[in-house]
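> Okay, here's what each chain looks like letter by letter:
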Amino acid sequence: MGVPRFIGLQNYVTLFSPDSRFGHTLLVTFLFTIINVSVTIIFSLILALLLNLNVRFKGLFQFFYYVPTIMPSVVMASCMILMFNQQLGIVDYVMKLLGIKNPPNWTGSQSLVWVVIAVASVFTFQTGQQMLVFSAALKDVPRDLYEAASIDGANAWVRFWRITIPGIAPMLLFNTVSATVNSFNGAFTLLFPLTGGGPGDATKVMSLLIYDNAFKSFNMGYASALAVVLFIIVAIVGTVQFRLMDKN
Amino acid sequence: MNYHIPKWMKALQYAAMIIMAVLMFFPIYWIFANSLKTLPGISAYPPALFPSNPQWNNYVMVLSDPKTIVYLRNSLILVVGNTVGTLLSSSIVAYPLARMHFRGRGLIFSLILATMMVPTVTLVIPQYLLFRAFNMLDSFWPMILPAFFAQPYNVFLFRQFFVSIPDSIDEAAMLDGCNRWQTFWKVIVPLGKPIFITVGIMSASFWWNELFTPMVFIDSDNLKPLTVASLTAFQISGTNGQTEWNLQMAFSMLMILPPALLYILCSRYITEGIKTSGMKD
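Chains A and B, in that order, are what the protein sequence lines are. Reminder that position 234 of the first sequence reads as 233 in numbering that gives the first Met the number 0, one-by-one numbering, no gaps. Reminder that position 145 of the second sequence reads as 144 in numbering that gives the first Met the number 0, one-by-one numbering, no gaps.
Bear in mind the hints are in silico, worked out from the structure with no lab data behind them. Just so it is clear, the structure is predicted and the values come from calculations on it, not from any experiment. Don't take each hint at face value.
Below, in silico cross-link-like pairs of lysine-lysine (DSBU-like), each with a Cα-Cα straight-line distance of 35 Å or less [stated by the list, open to error]:
# : chain 1 : residue 1 : chain 2 : residue 2
1 : B       : K66       : A       : K138
2 : B       : K66       : A       : K57
3 : A       : K138      : B       : K9
4 : A       : K138      : A       : K57
Make a model of the complete structure from these sequences and hints.
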């Protein structure tokens with residue numbers, strides 16, 4: 000690293016210049032965040048709903064749902080790479096069983112790699128954590144509301160949208176915001192071992208780009224500019240989420 | 000639920016629960032199954048669901064490597080250091096936010112929640128420059144010291160729990176002559192056992208999992224934690240850089256076991272620790 004030299008806004012000029020890959024990185028970051036947040040929220044809510052009804056062996060089921068999500072991301076990444084491997088993967092084998100003769104090269108395709116990322120997102124710490132938060136929130140939804148609604152003839156679907164969702168709305172907000180923040184934070188830990196930003200730079204999110212610039216090419220100034228922009232984006236996204244949910 | 004649920008609905012629910020359990024648990028099973036195969040056994044077609052000739056020797060090979068023990072030690076230093084720091088600092092910050100009334104409390108709490116949104120990756124460059132100035136690069140300090148200055152998410156969880164404890168308990172302690180510190184240590188901390196365990200487990204799992212900061216701050220091989228080491232440990236050096244998948248999977252199993260055991264020991268407390276009451280104020 001050289002001696003720091005003040006260059007004004009030059010780093011930001013480079014950032015927003017037409018041939019910079021910054022726009023692409025931004026798009027990829029958003030794509031990753033949307034996939035990761037929706038997958039973890041949907042899965043954790045389904046798991047919490049299943050656990051919420053009176054069931055036997057609740058603790059055992061909770062173990063099976065929670066423990067896979069606390070395996071380290073590097074472990075999960077290497078397991079995904081093995082499962083989706085084109086020659087020795089179980090996914091390929093299952094697809095051939097289903098009659099698909101030429102299963103795709105999942106991690107080698109710039110679009111299909113997102114399927115692998117979505118599957119990997121199911122097994123992140125966030126899913127288990129959010130499931131526990133949803134479970135706690137579901138316990139607090141008054142039971143007599145459900146009884147009253149079923150007497151009035153509301154079916155399960157109506158009860159879910161009119162009672163359950165409003166009842167857990169504050170936790171839905173909390174989980175969405177923290178899942179978003181965790182996506183920005185956890186993107187590196189998940190994607191570095193899983194895709195390394197590839198193929199090409201199809202999955203190169205902001206944190207990977209910042210890491211490359213700051214700690215591989217020691218371009219600290221440019222990396223800081225990226226970090227500032229990322230911070231502004233996260234702040235805007237977080238604020239918008241709070242406002243939107245506040246209205247409901 | 001109290002109202003009547005038809006039998007077929009109950010059956011459907013159990014079927015859904017079992018399917019989800021199988022789906023969720025399959026990756027761990029697959030890691031385990033492959034950790035017991037030989038390297039050619041892994042590339043056999045069709046892939047064997049149950050390894051026919053379990054190679055327990057894979058585990059012996061991974062564990063008898065002296066480097067594995069060094070990586071394990073490093074991971075444990077990060078986990079213990081961060082967990083102790085987090086539990087101390089975050090609970091002490093959360094206590095007044097939950098149980099004392101003073102001007103600006105709401106504002107301070109909002110500010111703390113707002114900092115939750117600052118991505119780690121944006122903080123790491125100034126941290127790197129700071130710890131370089133302190134001559135602390137390539138050591139555990141840049142990763143352990145910050146834990147002693149409270150994390151917003153954990154402050155939030157502690158506050159939620161402390162809010163749910165009845166006010167009269169503090170008042171009784173104060174009447175008996177406890178000051179704020181004594182009330183905190185002798186009354187709130189014992190009552191808050193579930194949340195201390197919850198946050199402890201979350202912090203420990205996070206640091207057992209963490210890859211980014213050790214990659215930034217650690218250069219020496221003998222200071223790397225298991226996560227960083229697992230990226231390169233079983234790549235056969237050669238022209239095709241092939242992976243020794245069987246050993247990689249045995250190593251992976253060893254990385255899954257501690258968090259799984261921790262969960263089994265503490266699951267009772269984890270669910271108790273998450274309080275959603277007080278969310279709406």
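> Does each hint hold? Answer for all of them.
Structure-based check of all given hints:
1. K66(B) <-> K138(A): This hinted pair is violated, its Cα atoms lying about 47 Å apart.
2. K66(B) <-> K57(A): Since the Cα atoms of K66(B) and K57(A) sit roughly 40 Å apart, the hinted pair is violated (cutoff 35 Å).
3. K138(A) <-> K9(B): Holds. K138(A) to K9(B) sits at ~19 Å (cutoff 35 Å).
4. K138(A) <-> K57(A): holds (14 Å)
Violation of the numbered hints given earlier is confined to hints 1 and 2; the remaining hints are satisfied by the structure.
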